[in-house]
Amino acid sequence: MEQKSIFSVISPIMVGPSSSHTAGAVRLGLMARNIYKESFSKVKFVLYNSFATTGFGHGTDKGLLAGLLGYTVDDSLIKDIFNIVKDVEYSYEYVQDISRHPNSVDIIIDDRMKISGDSVGAGEIRINNIDGFEVNIKGNYDTLLLMYKDKPGMISEVAEIIQKQRINIATLHCDRSSKGGVASMCIELDIPAGDDIVNEIKKLSDVFFVTNVRKLK
Amino acid sequence: MAILSFEELKNRCGSKSVYEVAQEEESSLSEIEVDVVRLKVLEDLTAMKAAIKNGLKSTEKGISGWCGDDCAKLRKRYRDTETLFGKVFEKITAYALATAEENLRMGRIVACPTAGSCGIVPSVIIAVAEERKIPESKQIDALLTAGMIGLIVSNKVQLAGAVAGCQAECGVASAMAAGALVEMLGGNTEEILQAAALAMKNILGLTCDPVCGLVEVPCIKRNAFLGVHAVTAAELALCGVESKIPIDEVTDVLKRTGELMSPVLKETSTGGLAKTKTALELEKVLFNKN
Ligand code: SF4
Numbered sequence: 001m002e003q004k005s006i007f008s009v010i011s012p013i014m015v016g017p018s019s020s021h022t023a024g025a026v027r028l029g030l031m032a033r034n035i036y037k038e039s040f041s042k043v044k045f046v047l048y049n050s051f052a053t054t055g056f057g058h059g060t061d062k063g064l065l066a067g068l069l070g071y072t073v074d075d076s077l078i079k080d081i082f083n084i085v086k087d088v089e090y091s092y093e094y095v096q097d098i099s100r101h102p103n104s105v106d107i108i109i110d111d112r113m114k115i116s117g118d119s120v121g122a123g124e125i126r127i128n129n130i131d132g133f134e135v136n137i138k139g140n141y142d143t144l145l146l147m148y149k150d151k152p153g154m155i156s157e158v159a160e161i162i163q164k165q166r167i168n169i170a171t172l173h174c175d176r177s178s179k180g181g182v183a184s185m186c187i188e189l190d191i192p193a194g195d196d197i198v199n200e201i202k203k204l205s206d207v208f209f210v211t212n213v214r215k216l217k
Numbered sequence: 001m002a003i004l005s006f007e008e009l010k011n012r013c014g015s016k017s018v019y020e021v022a023q024e025e026e027s028s029l030s031e032i033e034v035d036v037v038r039l040k041v042l043e044d045l046t047a048m049k050a051a052i053k054n055g056l057k058s059t060e061k062g063i064s065g066w067c068g069d070d071c072a073k074l075r076k077r078y079r080d081t082e083t084l085f086g087k088v089f090e091k092i093t094a095y096a097l098a099t100a101e102e103n104l105r106m107g108r109i110v111a112c113p114t115a116g117s118c119g120i121v122p123s124v125i126i127a128v129a130e131e132r133k134i135p136e137s138k139q140i141d142a143l144l145t146a147g148m149i150g151l152i153v154s155n156k157v158q159l160a161g162a163v164a165g166c167q168a169e170c171g172v173a174s175a176m177a178a179g180a181l182v183e184m185l186g187g188n189t190e191e192i193l194q195a196a197a198l199a200m201k202n203i204l205g206l207t208c209d210p211v212c213g214l215v216e217v218p219c220i221k222r223n224a225f226l227g228v229h230a231v232t233a234a235e236l237a238l239c240g241v242e243s244k245i246p247i248d249e250v251t252d253v254l255k256r257t258g259e260l261m262s263p264v265l266k267e268t269s270t271g272g273l274a275k276t277k278t279a280l281e282l283e284k285v286l287f288n289k290n
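For the record, the sequence lines run as chains A and B.
Residues 1 to 217 in this note's numbering are what the first sequence spells out, letter by letter.
Residues 1 to 290 in this note's numbering are what the second sequence spells out, letter by letter.
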């Protein structure tokens, strides 16, 4: 059993009213920000199930947007976020779909990237899909995320680059569209990978996209 | 090594206090100095005090428009009337409502153990500290004690209404507060755990059936009730009253009761208070409005 911190029961400091529907929403937004990284001018949030039905009463809509803009869970400005945001166009859609987690969202940024995630309770979150690829990013580790053309040996090539820097891999998760198709890899690391690692992986043939996703505080 | 039961905690304590074991455990787990652990607890305590202060000033309602001004009503009564139970009682009920209402309006609070139950532990610690002039370092000890109790329970059962009903949120908060109070009043480890056991034993079966799925009805007022509940437990424990059923067994019962509880009564808002005639009417109005 993983040992838990005392601060799992006497924290976090957060804006209310709900750890899953408010703090979790902010963290999903923050995680999407860490993945997308670039500035953006347009975002659409698709809220599912309980996020859709009770989200308005818990500030889920505000939390998601505020997180995406970089506000942290304890920022008192979150409740006024709609009055603060000026140059980002945002919209919401509400959907019931029992195949999705009860507290689930798609975040579509600039019509370019779709990031899906769940708020799994007590403010904990999980990003589970990016542009149709299964990923597994929980925000408690620095994660290296890459998309590449599926081929034998890719995992070991990437692992070698990380190993060279003496960074320990905590977990590794892969998914692919089809054999030889596009594949994704999520590698949780004990310490963040530097730009040198990202650049070296970028140079490997058949890698389309690499990014370093920082963990949440 | 994680402390998985209260029996183990007792053994670990020996001549040490619960809070000392708690800060040592956290220090070794998070690889930070004990002083830093205490600073982090102080940060929580400071945020709790700020939430109370903000909550006492505001009468702003939440998005639903149902709640947000009950604390003000209470304070008016306390100003105008001589109450039955005195200052500590007044402060606990007012501070618990102030915090829970602050949570409702998306104010800054400390989840303890959850956001829905955020008013219980702070109201008890801070009200008693003010009335008894208990210094800050003792308040930190108290919050660490509360945290240790919550942590051990959470190692057995997830502290979420959706998993085990409100007994696991406001109920456990009350047990945490009861232990914290005994610590502040100079009780020993045995008395701290007795207080927690007594508080927990008397909220077993508490359901989670919030109207429209919002953290409002019954959550907000429940914070005041369970703050006071903690005082009863602490007073009994401090004069030597014991829970016939030991705290570890009570914790197991809490978990088991959570499993036995129908999903209808675990945060799904498909039964209980959430499906009363009045709740359905409130729901209709609310969803038309939004
Ligand atoms: S009734 Fe449910 S939502 Fe409300 S405080 Fe209790 S556990 Fe949380």
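In case anyone wonders, no lab produced these hints; they're calculated from the structure.
Where is the CB? At the ideal position from N, CA and C, for every residue including glycine.
Warning: the hint list may mix true and false statements.
To be verified - Okay, the calculated beta carbon distance ranges per label pair: (1) N83(A) to E281(B): 48 to 58 Å; (2) N83(A) to E31(B): 48 to 58 Å; (3) R166(A) to E259(B): 44 to 54 Å; (4) T81(B) to S99(A): 38 to 48 Å; (5) K275(B) to N140(A): 47 to 57 Å; (6) E134(A) to K277(B): 57 to 67 Å; (7) R75(B) to K86(A): 30 to 40 Å; (8) V241(B) to S99(A): 27 to 37 Å; (9) M1(B) to R166(A): 55 to 65 Å.
To be verified - Below, simulated DSBU-like cross-link-like pairs (lysine-lysine); rule was C-alpha separation at most 30 Å, straight line: (10) K53(B) to K138(A); (11) K4(A) to K10(B); (12) K76(B) to K61(B); (13) K44(A) to K49(B); (14) K61(B) to K44(A); (15) K255(B) to K4(A); (16) K138(B) to K61(B); (17) K4(A) to K44(A); (18) K201(B) to K217(A); (19) K4(A) to K73(B); (20) K79(A) to K57(B); (21) K61(B) to K138(A); (22) K138(A) to K87(B); (23) K133(B) to K79(A); (24) K4(A) to K57(B); (25) K221(B) to K49(B); (26) K215(A) to K44(A); (27) K53(B) to K217(A); (28) K4(A) to K61(B); (29) K76(B) to K79(A); (30) K79(A) to K151(A); (31) K149(A) to K215(A); (32) K244(B) to K79(A); (33) K87(B) to K79(A); (34) K10(B) to K53(B); (35) K73(B) to K79(A); (36) K49(B) to K79(A); (37) K86(A) to K255(B); (38) K151(A) to K44(A); (39) K289(B) to K87(B); (40) K156(B) to K79(A).
Evaluated hints:
1. About 32 Å separates the C-beta atoms of N83(A) and E281(B), a value inconsistent with the hinted range of 48 to 58 Å.
2. A hinted range of 48 to 58 Å for the beta carbons of N83(A) and E31(B) is inconsistent with their spacing of about 42 Å.
3. Checked against the given bound of 44 to 54 Å, the beta carbons of R166(A) and E259(B), roughly 46 Å apart, stay inside it.
4. The supplied range of 38 to 48 Å is broken by T81(B) and S99(A), whose beta-carbon atoms lie about 56 Å from each other.
5. Checking the proposed 47 to 57 Å range against K275(B) and N140(A) shows it is violated: the Cβ atoms sit about 37 Å from each other.
6. For E134(A) and K277(B), the Cβ-Cβ distance of about 45 Å falls outside the hinted range of 57 to 67 Å, so the restraint is violated.
7. The beta-carbon spacing between R75(B) and K86(A), approximately 39 Å, falls within the hinted interval of 30 to 40 Å.
8. Taken as a hint, the range 27 to 37 Å is violated for the pair V241(B) and S99(A), whose Cβ atoms sit roughly 52 Å apart.
9. A beta carbon spacing of about 29 Å between M1(B) and R166(A) contradicts the range 55 to 65 Å that was offered as a hint.
10. Restraint check for K53(B) and K138(A): not satisfied, since their Cα atoms lie roughly 34 Å apart, outside the 30 Å limit.
11. For the suggested pair K4(A) and K10(B), the alpha carbons sit about 19 Å apart, so the restraint of at most 30 Å is met.
12. For the proposed pair K76(B) and K61(B), the alpha carbon gap of about 17 Å is at most 30 Å, so the pair holds.
13. Restraint check for K44(A) and K49(B): not satisfied, since their Cα atoms lie roughly 37 Å apart, outside the 30 Å limit.
14. Pair hint K61(B) plus K44(A) holds up; C-alpha atoms about 28 Å apart against a cutoff of 30 Å.
15. Taking the CA atoms of K255(B) and K4(A), the gap is near 18 Å; set against the 30 Å cutoff, the hint holds.
16. Of the pairs offered as hints, the one joining K138(B) and K61(B) is violated, with about 34 Å between alpha carbons and a cut-off of 30 Å exceeded.
17. The suggested pairing of K4(A) with K44(A) is violated, with an alpha-carbon distance near 35 Å, which exceeds 30 Å.
18. Distance restraint check for K201(B) and K217(A): the Cα-Cα separation of roughly 36 Å exceeds the 30 Å cut-off, and the hinted pair is therefore not satisfied.
19. Between K4(A) and K73(B), the direct Cα distance comes to roughly 40 Å. Violation of the 30 Å bound is thereby established for this hinted pair.
20. Distance check on the hinted pair: K79(A) and K57(B) sit about 18 Å apart at the alpha-carbon level, within 30 Å; holds.
21. A threshold of 30 Å between alpha carbons decides the hint, and for K61(B) with K138(A) the separation of about 34 Å lies outside it, so the pair is violated.
22. This hinted pair does not check out: K138(A) and K87(B) have alpha carbons roughly 46 Å apart, beyond 30 Å.
23. Restraint check for K133(B) and K79(A): the C-alpha separation of about 35 Å exceeds 30 Å, so the hint is violated.
24. At roughly 36 Å between alpha-carbon atoms, K4(A) and K57(B) are farther apart than 30 Å, so this suggested pair is violated.
25. At most 30 Å may separate the alpha-carbon atoms for a hinted pair to count; K221(B) and K49(B) meet this at roughly 19 Å.
26. With a C-alpha separation of about 23 Å, the suggested pairing of K215(A) with K44(A) holds against the 30 Å cut-off.
27. Distance restraint check for K53(B) and K217(A): the Cα-Cα separation of roughly 27 Å lies within the 30 Å cut-off, and the hinted pair is therefore satisfied.
28. Annotation: proposed proximity of K4(A) to K61(B) is violated, straight-line Cα distance about 36 Å (limit 30 Å).
29. With a C-alpha separation of about 28 Å, the suggested pair K76(B) and K79(A) falls inside the 30 Å cut-off, and the hint holds.
30. A threshold of 30 Å between alpha carbons decides the hint, and for K79(A) with K151(A) the separation of about 47 Å lies outside it, so the pair is violated.
31. Taking the CA atoms of K149(A) and K215(A), the gap is near 26 Å; set against the 30 Å cutoff, the hint holds.
32. Distance check on the hinted pair: K244(B) and K79(A) sit about 47 Å apart at the alpha-carbon level, beyond 30 Å; violated.
33. A threshold of 30 Å between alpha carbons decides the hint, and for K87(B) with K79(A) the separation of about 33 Å lies outside it, so the pair is violated.
34. Taking the CA atoms of K10(B) and K53(B), the gap is near 36 Å; set against the 30 Å cutoff, the hint is violated.
35. Between K73(B) and K79(A) the CA atoms are separated by roughly 25 Å; this keeps the pair inside 30 Å, and the hint holds.
36. At most 30 Å may separate the alpha-carbon atoms for a hinted pair to count; K49(B) and K79(A) meet this at roughly 20 Å.
37. The straight-line distance between the Cα atoms of K86(A) and K255(B) is roughly 48 Å, outside the 30 Å bound, and the hint therefore fails.
38. For a cut-off of 30 Å, the pair hint linking K151(A) to K44(A) is broken: about 34 Å separates their Cα positions.
39. Between the alpha carbons of K289(B) and K87(B) the distance comes to roughly 40 Å, so the proposed pair goes past 30 Å and is violated.
40. About 35 Å separates the Cα atoms of K156(B) and K79(A), which puts this hinted pair outside 30 Å; it is violated.
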